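Q: Starting from the known structure of chain A, arrange chain B on it as the hints suggest.
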Amino acid sequence: MTEPNIVIRLHEVRRIYKVGAERIHALDGVDLEIRANEYVAVMGHSGSGKSTLMNLLGCLDRATEGRYELDGHDATKMSGGALARIRNEKIGFVFQSFELLPRFNALKNVELPLIYSRKAVWSRRELARKALERVGLGERIKHRPNQLSGGEKQRIAIARALINNPSILLADEPTGNLDTKTSEEILGLFDRLHAEGQTIIMVTHEADVARHAKRIIRMRDGRIISDLPVHLDPATGATAGGGHSS
Amino acid sequence: MKVLLLLPLLFVRLILQSMRLALTQIWANKVRSILTTLGIIIGVASVTAVIAALSGLKAKIMSDIETFGTNRIFIWPRWPETGPKKHASWRVIRFMPEQFEGLLDHCPSVACFSKVSGDSDTVRYGERAIEGVRVNAIESAWHRIESRPVTIGRPFSFVDESQGRMVCLIDPGLRDKLHMNKDPVGDFITVGSYTYRVVGVVELQPSFSFIQTGQRGESYEVFVPFKTLYNRDESWFQVMAASKSPEVSDEAKAELTFFLRQRRNLKPGEPDTFQVLTIESEVRTFNQIATRFTLVAGGIVGISLLVGGIGIMNIMLVSVSERTREIGLRKAVGARNSAILTQFLVEAVVLCCMGGLFGLLLGQGLTGIIASIPKVNLDKAYIPAWAVAMSFGFSAMVGIFFGMFPAIKAARLDPIEALRHE
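Residue numbers (my numbering), protein chains in the order written: chain A, 112 to 357; chain B, 527 to 948.
Isolated chain A (complex conformation) (with noise of 0.2 angstroms):
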């Protein structure tokens, strides 16, 4: 029944708090599919349940109902050490304010991942050399976060994301902490990770950087309203003029 390529499938999934006595639906009731190599923009006002669908898409967080499929393996019953292993192995994150170990240099930083991995000990210098080839930082590997730029920080952060090959690499917000040049340069390799097969679900709220994406998911009160291409959605579609979608 699974289409080799769908990578993610969510059917009926809602994520319910309590606070209180108070029930609140995060989540209310989201069937979503994303196949291999998508590039998805999700967007929604703060409250929407866009941060929540994030965190259950990336494995943080777990369904209070529903069922949610990643590569073909059900998460929603998964223990806390395989749902680790999972965020490891097939989730690449990638955070608005970057998230790096300030005492340590970009290199290690981009290893991290490989610590909590089974990979051999000699192989994860390579990796990590690689992976910052991959997003353009070939020289400045040995220079700490407070030594580099805002954009650089960034490409450190995609390329820990990216060290483990990993199914989908989640953004949130990931040009939110950036000014507009070093924005189009990040959605620029972004653009080309997605060119090369990589699969990109993008939380963002600001038109211009979900019009890089080819599919836009728009949320409010914990649902989707709607899912359209980029060029079909009356935001992005409607202003830009499809100038974008190639």
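Possibly wrong hints are sitting among the right ones.
[To be verified] Distance condition first, Cα-Cα at most 25 angstroms in a straight line; then the derived BS3-like pairs of lysine-lysine:
| hint | chain 1 | residue 1 | chain 2 | residue 2 |
| --- | --- | --- | --- | --- |
| 1 | A | Lys241 | A | Lys201 |
| 2 | B | Lys935 | A | Lys129 |
| 3 | A | Lys253 | A | Lys241 |
| 4 | A | Lys219 | B | Lys556 |
| 5 | A | Lys292 | A | Lys325 |
| 6 | A | Lys253 | B | Lys556 |
| 7 | B | Lys611 | B | Lys793 |
| 8 | B | Lys901 | B | Lys586 |
| 9 | A | Lys219 | A | Lys188 |
Please keep in mind that the hints were generated in silico from the structure rather than gathered at the bench. Since the model is a prediction, treat every value here as computed from it, not as a measurement.
A: Relative to the frame of chain A, chain B by itself:
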């Protein structure tokens, strides 16, 4: 099967990685780490210094006893605490020389023995007189028991002893004080109202740090054959003996007790009218007391390690709270709870063990200072290997015990919350 083989390897790798991380972390917060471990450092330093001082004291006393002779046995008459002889006359209780005849044949663990008695008197040689000289009545075996051979002249002969001849041995101090020849053999000295011919010089009494040998300050000795003195007043005497080795001291004591009870016609059930004391059993008792004392003292000072542990827990809690985002990130990139737990636990243990190491170095310094203080007789103070092992073991245990709570706290952090932490 492959997984089973792999697991310990992975565990070792996790520990090694955590140790590297911990060292990085400690290095990054040098001042804080030093201040935090100060409690452990001082605790370990004081424990080891106390143990070193006590070990030094013990070593000193043991070396005294070694010089003194660990195979030595003392036997003296004593009123029993119960029975009809409790209030007996001293004539009943005292030893008689014939009670010791054939002792060596019946007590195979005893190497030799000497009846001894003592007095003090004025010694004169020519114009010179010295008061308060110890007069020891001995038999020739005494030299062997006391390890004080005759260095000039000869010991008492069989004839000297059996006839109770008026001969004597003196110690070199007395010879010099009396301004006698270097070789005084053949000279006559007067002890009290009796005149003796000097036949030899006995080696000087070795000096001890702790054992009091009955005389204070400068004192001189003159030795006469046991029988010479005994023939005069048939007074109270004691017996010194040596077992063939310290190991057979207990057998020697049993043989002597059995032999003397027979010779002194004690009925079965009747209490002993004498006391047999072996140095070996005294050494054992002393060792037990010393060990107990060391443990108690170490334990009391060890409490300061617990105080140090609380400091460690405090700083680890601060560290967890400071690094909340880092913990969140590590979890997001695939760290299991157990990996986070190990990381913080190892950090606490490494911190404590480093404290233990510095504490040992400081303790070694203190020990050196203690050893160099003159006149306290602790120049043999040293930190025994078991104390080094114990210090590290205890430090590691403090680390595990007090690091556990912060580590569990870190491991249980929710990654989403942690990444949102400011």
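Q: Now tell me, hint by hint, if it's right for this structure.
A: Comparing the hints with the structure gives:
1. A/Lys241 with A/Lys201: holds, 18 angstroms
2. B/Lys935 with A/Lys129: Between B/Lys935 and A/Lys129 the Cα gap is close to 23 angstroms, so the pair holds against 25 angstroms.
3. A/Lys253 with A/Lys241: holds, 14 angstroms
4. A/Lys219 with B/Lys556: holds, 21 angstroms
5. A/Lys292 with A/Lys325: holds, 21 angstroms
6. A/Lys253 with B/Lys556: Holds. A/Lys253 to B/Lys556 sits at ~23 angstroms (cutoff 25 angstroms).
7. B/Lys611 with B/Lys793: Measuring from Cα to Cα gives roughly 12 angstroms; hence the hint holds.
8. B/Lys901 with B/Lys586: Judged against 25 angstroms, a Cα distance of about 13 angstroms means the pair holds.
9. A/Lys219 with A/Lys188: Violated, at roughly 33 angstroms.
The earlier numbered hint that this structure contradicts is number 9, and it is the only one.
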